[in-house]
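Peer 1: Here is how the chains run, residue by residue.
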Amino acid sequence: MLSQASLDKIEYELTKYPKENRQGAVMSALRIAQTEKGWLSQETIAFVADYLGIPAIAALEVATFYNMYDLKPVGEYKITICTNISCMLRDADTIVDHLQSKLGVGFNEVTPDGKFCLKEGECMGCCGGAPLMHINNTQMHEFLTVAKVDEILGELK
Amino acid sequence: MSLHKTPITTDLSKQTLVTLRTLSASQDANPGSLKNYEALGGYAQLKRIVTGKVKATDIITEVKVSGLRGRGGAGFPTGLKWSFMPRYYDGTKYLVCNTDEGEPGTFKDRDIIRYNPHQLIEGMAIAAYTLGARVGYNYIHGEIWEDYEIFEAALAEARQAGYLGEHLFGTNFSFDLYAVHGYGAYICGEETALIESIEGKKGQPRFKPPFPASYGVFGKPTNVNNTESYASIPWILQHGGQAFQDLGVANSGGPKLFSVSGHVEKPGNYEVNMGIPFTELLEMAGGIWKGRTLKAVIPGGPSTAVMPASAILGTTMDYDGLSKAGSSLGAGSMIVMDETTCMVKTLKRLSYFFYEESCGQCTPCREGTGWVYRIIKRIVDGQGKMEDLDLLTDLSANISGRTICALGDAAATPVLSFIKHFRPEFEYYIQHGKSMVTGK
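In order, the protein sequences belong to chains Y and B. The first sequence begins at 21 in the working numbering and counts up by one. The second sequence begins at 6 in the working numbering and counts up by one.
Everything labelled a hint here was simulated from the structure, so no lab data went into it. Computed from a predicted structure; not experimentally measured. Relax, there's no trap hidden among the hints.
Per label pair, the in silico range of CB-to-CB distance:
hint : chain 1 : residue 1 : chain 2 : residue 2 : range
1    : Y       : Ala25     : B       : Arg407    : 44 to 54 Å
2    : B       : Gly387    : Y       : Asp133    : 36 to 46 Å
3    : Y       : Glu31     : B       : Gly224    : 24 to 34 Å
4    : Y       : Gly73     : B       : Pro91     : 26 to 36 Å
5    : B       : Lys445    : Y       : Leu176    : 28 to 38 Å
6    : B       : Glu154    : Y       : Phe127    : 27 to 37 Å
7    : B       : Arg407    : Y       : Lys39     : 37 to 47 Å
8    : Y       : Asp70     : B       : Thr97     : 19 to 29 Å
9    : B       : Leu85     : Y       : Leu176    : 49 to 59 Å
10   : Y       : Asp133    : B       : Arg164    : 43 to 53 Å
Glycine included, C-beta positions come from ideal geometry on N, C-alpha and C.
Given the sequences, and given the hints that come with them, work out the whole structure.
Peer 2: Structure representation (structure tokens):
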């Protein structure tokens, strides 16, 4: 259900925990699975739980609790923009408006071509670079302006 | 690997660089490399302590003398916390570093792991030696993935160089340190929620006592400190606890990383001595942007009370200074607001944050944060009632102190302090259905 490359990554994460505590690696394992599949279906979550030897509900609890896991398809590029206080004070709203009109979607919607999804994020701990957004949970883009957003989106086409 | 995607905009010359000292020495693309850190005397303290078999009690005494207080926000004396760990325990003891900064306005620990990761690793290894911990975890905020990878690379470098692993420096001391990551949950900055998360569970705080020192990761004795706290340790042991204390003021030893964000010309991290006047720190951050005037400051992240300009202008930035002025130092996360800021809308956003991030375990917080948010939203939507203000105050006071963890208190603080200091703005909004500040 997951590629050998993903399973190898999960095995690396398991080396961080005592042998009897395989559940420790569930957050990483779900992240690795999501990176491969694009999002976490019930089947993927059950597979991860089974691989680690923990009840499926234990993995599902984690997947539903932490907000960077996606339990629905999010398109090729998930753009999460922070609107919390430090970003808000530096005009994140302008960036949100621009993204929404440019992509033609609201928060939690996917563009019809399945390319982009826009999410509202909570504080990402990089407030010195506000306003900011990250793409697919990994690439952080700071000091955003409308022009910079256009440039970033252009590269993702 | 391009580490400097974000340019360092802050002026280093006026800072006291301790946890970010690699920045002063290097113009390198990777200031935090092992080579750069070793050139500054990096890992010499760990080697001295481990090979010289320095007594744990002597190290704890030095940390107590330094006046170092927990840099994650609570300000608990680090040396005292270390003395709570059981000396003799038949099994594995753990060491945990909290790099899960999710308190809005806090971004200091990120700079430590990307610009000076080895000093954190050395600090943790010294703590592990002192407390007898065999295994350590650094739990890193989920959203800063690139910085997590930088830290993983630094760990590999340290293992390769013989600073982590089995029988360090040919002695009986062994310490394994791993990086683990969060995946989007503010609550995991609370130490017992963080421990649950390391174990692969929902991040819901545990009831205390028992404290982590007796029941932590996998039920084993565990010491949890903030990133900046651990990263201060090598400097303290190199220069002595007294030298660290002397950089600061009474009850606030050492320098501190201040994260300055919001309406300033040069947002960023500033590592300066405790007790620095607020005005001086603001000046280092370039002053208020666009030539505007200061309206209010949240000095230590939203779980500390907002201060109107008049209250903070004469204040010094340290535990006692801010507490006397009616707020607290928190994690040193200074959010600056200029005259154009609508306090009603700002509080609405903060209330949404606490509602969204409540873990759902305790009823007063789970239900209360939702009520608070909906009432403030109602005011912003033009349907507020004057009695809402007392209702908000009453509700918040009833969340505070009635939950397992401090998030309940944290959620109440902005509501109580915003209404206390800016009540006329809230009243105007209720009467006119629009902001007194922006007219919209």
